[in-house]
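Student: Sequence:
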Amino acid sequence: MAHLQNTNEMGVALQEYDPVSYFSHAAVPGNPEISSTVDGATYYFSSAANKATFDQSPQQYTPQYGGFCAVAVSEGKTFPIDPTSYTVTDNKLYLFYNGKLGNTKPQWEADATTRQANADQHWQNNDLAVVYPTVDY
Numbered sequence: 003m004a005h006l007q008n009t010n011e012m013g014v015a016l017q018e019y020d021p022v023s024y025f026s027h028a029a030v031p032g033n034p035e036i037s038s039t040v041d042g043a044t045y046y047f048s049s050a051a052n053k054a055t056f057d058q059s060p061q062q063y064t065p066q067y068g069g070f071c072a073v074a075v076s077e078g079k080t081f082p083i084d085p086t087s088y089t090v091t092d093n094k095l096y097l098f099y100n101g102k103l104g105n106t107k108p109q110w111e112a113d114a115t116t117r118q119a120n121a122d123q124h125w126q127n128n129d130l131a132v133v134y135p136t137v138d139y
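Residue numbers (the working numbering): 3 to 139.
By construction, these hints were calculated from the structure, which means they are not laboratory data.
There's no promise every hint is true.
Here are the computed lysine to aspartate or glutamate pairs in the EDC-like style, where the Cα-Cα straight-line distance is at most 20 angstroms [claimed, not checked]:
| id | residue 1 | residue 2 |
| --- | --- | --- |
| 1 | Lys94 | Asp84 |
| 2 | Lys79 | Asp113 |
| 3 | Lys107 | Asp92 |
| 4 | Lys107 | Glu77 |
| 5 | Lys94 | Glu111 |
| 6 | Lys94 | Asp122 |
| 7 | Lys102 | Asp84 |
| 8 | Lys94 | Asp41 |
| 9 | Lys79 | Glu111 |
| 10 | Lys94 | Glu18 |
| 11 | Lys107 | Asp122 |
| 12 | Lys94 | Asp57 |
| 13 | Lys79 | Asp122 |
| 14 | Lys107 | Asp84 |
| 15 | Lys94 | Asp113 |
| 16 | Lys79 | Asp129 |
Using the sequences and the hints, build the whole thing.
Tutor: Following this line, the structure appears as structure tokens:
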């Protein structure tokens with residue numbers, strides 16, 4: 003069963019940030035001229051080298067939970083993210099919302115083990131409510 007992907011109207015994930023950059027240094031925007039598509043989501047890269055790295059093992063670099071806020075997924079819903087609010091744990095990329103409603107990353111860090119178990123279960127069961135804020139986030 004296909005999972006939701008957090009993409010923009012053009013099908014681009016991570017708000018156009020380079021997924022490989024999260025693992026080597028700070029998150030950086032990608033270049034639309036350097037891209038790959040996996041599971042219906044297009045990823046932009048800051049360099050041809052990062053694209054080549056991604057193409058060798060895309061599942062290693064794609065974000066957890068389709069790129070939705072990890073805290074929201076742990077609560078059974080989807081929510082947008084701030085691509086600069088993230089953590090890499092056990093070589094997995096987790097993204098978080100950070101906007102007018104606050105930053106969810108501290109909630110994850112306060113109980114990452116339980117949150118991850120809950121998020122994994124919701125994601126595996128594909129039982130997420132699609133929720134988007136009604137405020138300018």
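Student: Against each hint, give a clear statement of whether it holds in the structure.
Tutor: Here is what the structure says about each hint:
At most 20 angstroms may separate the alpha-carbon atoms for a hinted pair to count; lysine 94 and aspartate 84 meet this at roughly 17 angstroms. With a C-alpha separation of about 18 angstroms, the suggested pairing of lysine 79 with aspartate 113 holds against the 20 angstroms cut-off. The straight-line distance between the Cα atoms of lysine 107 and aspartate 92 is roughly 16 angstroms, inside the 20 angstroms bound, and the hint therefore holds. Among the hinted pairs, lysine 107 with glutamate 77 is consistent with the structure: their alpha-carbon atoms are about 14 angstroms apart, no more than 20 angstroms.
Restraint check for lysine 94 and glutamate 111: satisfied, since their Cα atoms lie roughly 15 angstroms apart, inside the 20 angstroms limit. As the CA atoms of lysine 94 and aspartate 122 are separated by approximately 13 angstroms, the hinted pair is consistent with the 20 angstroms bound. With a C-alpha separation of about 11 angstroms, the suggested pairing of lysine 102 with aspartate 84 holds against the 20 angstroms cut-off. The suggested pairing of lysine 94 with aspartate 41 holds, with an alpha-carbon distance near 17 angstroms, which does not exceed 20 angstroms.
Under the criterion of a C-alpha separation no larger than 20 angstroms, the hint pairing lysine 79 with glutamate 111 is consistent with the structure, at around 18 angstroms. The suggested pairing of lysine 94 with glutamate 18 holds, with an alpha-carbon distance near 18 angstroms, which does not exceed 20 angstroms. At most 20 angstroms may separate the alpha-carbon atoms for a hinted pair to count; lysine 107 and aspartate 122 meet this at roughly 17 angstroms. For the suggested pair lysine 94 and aspartate 57, the alpha carbons sit about 16 angstroms apart, so the restraint of at most 20 angstroms is met.
Simply put, lysine 79 and aspartate 122 have alpha-carbon atoms about 12 angstroms apart, close enough for the 20 angstroms limit, and the pair holds. For the given pair, lysine 107 sits about 10 angstroms from aspartate 84 by alpha-carbon distance, which is consistent with the 20 angstroms threshold. A threshold of 20 angstroms between alpha carbons decides the hint, and for lysine 94 with aspartate 113 the separation of about 17 angstroms falls inside it, so the pair holds. Taking the CA atoms of lysine 79 and aspartate 129, the gap is about 8 angstroms. The hint holds against a cut of 20 angstroms.
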